[in-house]
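A.B. asks: Each chain is listed here by its residues.
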Amino acid sequence: MKLPFFPIAASHMAERVDRLYLGLLLISAFFLALIFLPMLYFLFKYRRGKMLSHRKLKFATWKLEVIWTLIPLFMLLCLFGWAATIYYDEERPPARTLEAFVVAKQWMWKIQHAEGNREINELHVPTGQAVKLTMTSEDVIHSFYIPAMRLKQDVVPGRYVTEWFEPTRPGTYHLFCAEFCGADHSLMGGNIVVMKPADYQAWLNAGRPVDNLAATGEHLFREFGCSGCHQNSTVVHAPRLEGVFGKPVPLQGGAITTADEQYIRDSILLPASQIAVGYSNVMPSYTGRVSEEQLIQLIAYIKSLGNQTPPEETK
Amino acid sequence: MNELAPATHTHTSAPAESYLDEHTVRSWLLTTDHKRIGVLYLISIVFYFLVAAVAVGIMRIELLHPHGTLLLNETYNKLFTLHGVLMVWFFLIPSIPSALGNFIIPIMIGARDVAFPKLNLLSWYLFMIGGGFVLYSIMIGGVDTGWTFYTPFSSTYSNTHVLTMVFGVFIAGFSSILTGLNFIITIHKMRAPGMRWFRMPLFLWSLYSTSIILVLATPVLAITLLLMAVERVWGIGIFDPRLGGDPILFQHLFWFYSHPAVYIMVLPSMGVVSELMAAFTRKEVFGYEWVAGASVAIAVVGFLVWGHHMFVSSQSIYAGMVFSILSFIVAVPSGIKVFNWTATLYQGSISFETPMIYALGFIGLFAIGGLTGLFLAALAVDVHVTDTYFVVAHFHYIMVGGAVMGFMGGLHYWWPKITGRLYPEAFGRLAAIVTFIGFNFTFFPQFVMGYLGMPRRYHNYAPEFQVYHVLSTAGASILGIGYLLPVIYLLWSLRYGKKAPANPWHATGLEWQTTSPPPKHNFDETPVVTGPPYDYTEDFEPKPSGVLHA
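If you read the sequences in order, they're chains A and B.
Residues 1 to 315 (the numbering used here) are what the first sequence spells out, left to right.
Residues 1001 to 1550 (the numbering used here) are what the second sequence spells out, left to right.
Derived from the structure by calculation, the hints contain no laboratory data.
No residue lacks a Cβ here, since even glycine has one placed at the ideal position from N, Cα and C.
One thing to keep in mind: the hints can contain errors.
[Claimed, not checked] Output of the computed footprint for chain A on chain B, the stretches with three or more beta carbons under 8 Å from beta carbons of chain A:
{"id": "1", "region": "1235 to 1248"}
{"id": "2", "region": "1324 to 1332"}
{"id": "3", "region": "1335 to 1346"}
{"id": "4", "region": "1349 to 1358"}
{"id": "5", "region": "1365 to 1375"}
{"id": "6", "region": "1447 to 1454"}
[What the hints assert, rightly or not] To give an idea of the interface, some chain A residues facing chain B are shown, with a C-beta separation under 8 Å as derived from the structure:
{"id": "7", "residue": "Phe5"}
{"id": "8", "residue": "Leu32"}
{"id": "9", "residue": "Phe42"}
{"id": "10", "residue": "Thr61"}
{"id": "11", "residue": "Trp68"}
{"id": "12", "residue": "Pro72"}
{"id": "13", "residue": "Ala84"}
{"id": "14", "residue": "Ser186"}
[Unchecked claim] FRET-style restraints, in silico, Cβ to Cβ:
{"id": "15", "chain 1": "A", "residue 1": "Asp184", "chain 2": "B", "residue 2": "Leu1119", "range": "42 to 50 Å"}
{"id": "16", "chain 1": "B", "residue 1": "Ala1319", "chain 2": "A", "residue 2": "Asp211", "range": "37 to 45 Å"}
{"id": "17", "chain 1": "A", "residue 1": "Gly128", "chain 2": "B", "residue 2": "Trp1234", "range": "51 to 59 Å"}
Isolated chain B, as found in the complex:
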């Protein structure tokens, strides 16, 4: 097609061809359209999520009894490894950036695609090949190291298929790096005329910050895993002291990636929540520049706190103190965001559509997760609760409460745009509420259990912890329903949902100015941005909540 003479100019009256109009398998697998790649990612991450969720479901049933009899020790260890590896690298990290971000970023900045469409497709293939290796290592017997692959256990002692799984994660890392690069360059170079930095929606700020982490931190993970593989295969002493290595070195390298990785998971959610708060209060986000700046601050300071995972590892106590103070400081920009979201509600016109319920749920879970993070930054308390269920609860509140609520909120918000269909609102609200309740029911008891001294990664445990495990498993069943509901009604909506208008939420943002689903090249004409991102002051008829789907 001749790009210089867009066909759209010649027949503007005819409805533009949607990006979904081609149906062949080939058209999907060889696509370079960021929207289709976003959808491919969406399908893949949901698949990995379901596999990882089944793994944890079996574990939670097993934990109903102090001496569970369903699983062998080894099987239990393999299940939590599988759960961690799939959830972290194949769901939480790519969920919002690769699936929603891929779809939305170019449209939000008024571009036709990302900067490097073919690289974008390559990154999906790398992601799938990486996932393939992980699934393959399960099929040939699994891995028992935990997702953290601590040495020298992983490099020397484990008799399981560590190499194939690590190779899968290694490859998926390249996918992360490519996606990050693509986003940074897209956001730098391809914004629509008039979209200055401080006219960008906050979702873009958060994904820009996330991409910086992806590009700077992921190579460190790749190198770390490579070194571990080198030690495992050739016995070259890097981490095993018997071979002359240093076991703590691995932890430094690993957490240098994996702590910022937490922000890879939660920053995009914060971006989504900022969008939702604006759209469903019909107000600009309070302190827009501060919220944008907080994203960048979190990304930067987040690189300096990795050592707080190692307060009891035998690193020097002074190192511990430096990491502790920095960990306290990184809480400040997160706090700024929460305060700003609350202030956004002030004098708003608040409606409680599904995405908004997820957004409010996010703020609730994120606040609890963030505050319990202070317990872990506080050295003396961390010594007691690290490697217990307190940590398990804390990072699930942040990573799952944060990332999943944000992802679900964003998915519902942009679902009409992605699919051109509306989902059933009542079911959406039900799912959001059930998820929130189930989540707290599952993980709150784990804080108590952790302070009581229940170590993590335990297949058999002391009987006094049973009551909390039973509560937690009961909560997990509710949470499971909260997760399954959207799978069902969203699939249902693909066929039976009402056709979506271009802008079902009456929201601002360029993505709502094109049709739902968008045409192949997103816009018939390049849009021009003339004002701030959340201009809700004009042309709006207040409608009572829910009128949209009545």
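Next comes chain A alone, as it looks inside the complex:
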């Protein structure tokens, strides 16, 4: 039987995490030696029946205490800096990424690529390109865990969370749910399939539907009647959505928020909670009418409008 000690490293982040892990192992070994070698020596040397000394210790206790307080403290702060740097990079996706969207539910992972491809419990990605996942859950908290990438992110209902990685090694790797989520928690897993870019392109083309996510979202935008108010309406005063995504939105009451995925999601489900300046609270809530996957498609559509210039408002 094999006794592996390290998991496969399949992302650029994995190697950095492994180096930190090795560093921690070395420091642990150092401290263990520092504690246990003298301890074993003392246990042997000063065992009862051998000798007994009641001499007062000659050195100043407080000096020793200060030394063994400050040196570990300094080492720990260095470790913090090292670990925090990697964490910072792990949590901040680069500007250009492939995008995929993940909806978790008891007990499966539903994945939509920006190109429109859909998968369940499998995620195909190419090497050499950063992949950003925007994730949410339909029910309880799950956790999207890819050991080979050294990445884990809780997937929280009501929120969009992101995780990103850059696969470096083709292969098939475990996907686990790491947050206890009910009866079949341990079966809620799957595979991350990392392919060479050409293979990935072939895979993408083979399964590509007619529409990409944004186009599907545009259909929904009409179906749900959003377009009636948000496009060309002469009756209802609703904000146009061109050029909105990613920009700051001034809200009634003086706050300013950013029109990101979470803001759009909240605006669809809880429209009364954040009203943009200059508009009134007339939009109905779509809670219960729109699924998490449809929300993602709508957001993809609004996101695709982000680069367009807003039309002149007609009064």
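Given the structure of chain A, go ahead and fit chain B onto it with the hints provided.
C.D. replies: Leaving out everything else, chain B in the frame of chain A:
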């Protein structure tokens, strides 16, 4: 009885009546004697421990195979919930404070009892009622949420008996609060004349720190569980986003209690170990004031690190960094203690009685548990290993390695005082060594397995992890023997053990100046303290190790 004219003054020559001399059930169930309440706690926590251990035994057998066939998924989930709830709230948290602390604190400070004896009895009853609710919820079908009760799973989705179990934990929380209050006031107000703060044994410092956590943190747990129950029963949106709540709020509230709770489990052990290091090296604890101060520092800083349980929960990355740095800092006072214990050995006269072996075992396991805590404080590594077996191994090293080794060490150390009988020393040493070996055998493979990516709370798992699970289960069988041995020989010693002298270890401390077992009111006359707590410099004939029981 007229308290102003103690009967002991009139017939000092007759042996005082021991606290154990009354035998009726009523005399036990209505007692307000802190010693008897300590014994009641001792019996109860051992019972809960055994139930929780059986649960995990079944789980470990199941995990021998990647697709275990003994249990259903649901049953497995219910077993780990039961194991966690009973171990955390009904064994680890009350083990040393409520059982040993109740017995020893008043005697150690030269008092007749705790400050509020009736409240003390009430806290035991609350503890038992809470445990009753937990056992009841198992009998009617169990709970599958895990001991952390994360929402919205627990508040909305779980179809099991969450409410009855949470109610049990809620009630047991009041028991914790009452015990903590009682200890704080007892230690403040009832110390013997001359026992200044820096003349207190370190066990008292650690229990004082623990009590502060008990009193300040437990109400937060109670409120959190109450809010969760409110959401579950009335559908009021507090944690479930579908109802307008915030699922991460629960985690903040829960860990605000549950992280300090780890120190509730391990600080008392550190106190016990300090006592044992002094007694079995025949030296004062090196840097006594620093060790005492480290207890308080751990209790205080321990309140500021709860967010390190949530590095991947989607809390802000800057919050993550603040919690990370504080988590690194809380390691410093723990390190101080370990260094001081090592330095205590220097020029000591070290004997290897059972309690000392447990104490050394504690230091070994605690050092590994503490150092692996740094891995979890280190953000980027935590992202990979959180919610895996690495965490399982880490907290078992701290909580079980720490709390259980300390508890067993303390139990053996004070056993002659509690029962008036000596336990068989050879069996004691064997049990301590078997426990240490079994423990490492069980949990060390879990570190490796965790870094390889084995998630926790998995009933079925990927086949490459099997070899580590098999090792772990094999270790658990050894550990089980290490736990069963003391149950057998300690019970045996109650009837057949040799009668214990007042001070079998030749240790300092007021508890060794009264008879074994102590009389009802602990001391015939209030003792007066005139010196430091570990004065081993005079009146001691060095004896070779083991002579006591030869």
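A.B. asks: So, for every hint listed, does it hold in this structure?
C.D. replies: Tested hints:
1. Under a criterion of three residues with beta carbons nearer than 8 Å to beta carbons of chain A, the stated coverage of the region 1235 to 1248 of chain B is upheld, 6 such residues being counted.
2. Using a Cβ-Cβ cut-off of 8 Å, 6 residues of the region 1324 to 1332 of chain B lie near chain A, which meets the minimum of three, so the contact claim holds.
3. Here the region 1335 to 1346 of chain B counts 9 residues with a CB under 8 Å from a CB of chain A, which clears the bar of 3, and the coverage holds.
4. By the rule of at least three residues with a Cβ nearer than 8 Å to a Cβ of chain A, the coverage given for the region 1349 to 1358 of chain B holds, with 4 such residues.
5. Here's how the region 1365 to 1375 of chain B fares: 6 of its residues keep a CB closer than 8 Å to some CB of chain A, so the rule of at least three is met and the hint holds.
6. Counting residues of the region 1447 to 1454 of chain B whose C-beta lies closer than 8 Å to any C-beta of chain A gives 4; at least three are required, and the coverage claim holds.
7. Using the Cβ-Cβ criterion of 8 Å, the hint placing Phe5(A) at the interface with chain B is satisfied: the shortest such distance is roughly 6 Å.
8. Hint status for Leu32(A) relative to chain B: holds, with the closest Cβ pair at about 6 Å, below 8 Å.
9. With 8 Å as the threshold, the beta carbon of Phe42(A) comes within range of chain B, its nearest partner Cβ sitting at about 4 Å, so the hint holds.
10. Residue-level restraint check for Thr61(A) holds (minimum Cβ-Cβ distance to chain B is 5 Å; threshold 8 Å).
11. The interface hint given for Trp68(A) is met, as the beta carbon of that residue sits about 5 Å from the closest beta carbon of chain B, less than 8 Å.
12. Contact between Pro72(A) and chain B, as hinted, is supported at the beta carbon level, the nearest pair being about 5 Å apart and thus within 8 Å.
13. For Ala84(A), the interface hint holds, the least distance from its beta-carbon to any beta-carbon of chain B being 5 Å, beneath 8 Å.
14. At its closest, the beta carbon of Ser186(A) sits 4 Å from a beta carbon of chain B; the interface hint therefore holds under the 8 Å criterion.
15. The given range of 42 to 50 Å is respected by Asp184(A) and Leu1119(B), whose C-beta atoms sit roughly 46 Å from each other.
16. Range check, Ala1319(B) to Asp211(A): about 39 Å between beta-carbon atoms, so the 37 to 45 Å window is met.
17. For Gly128(A) paired with Trp1234(B), a C-beta distance near 53 Å keeps the hint of 51 to 59 Å intact.
In this structure, none of the earlier numbered hints is contradicted; all agree with it.
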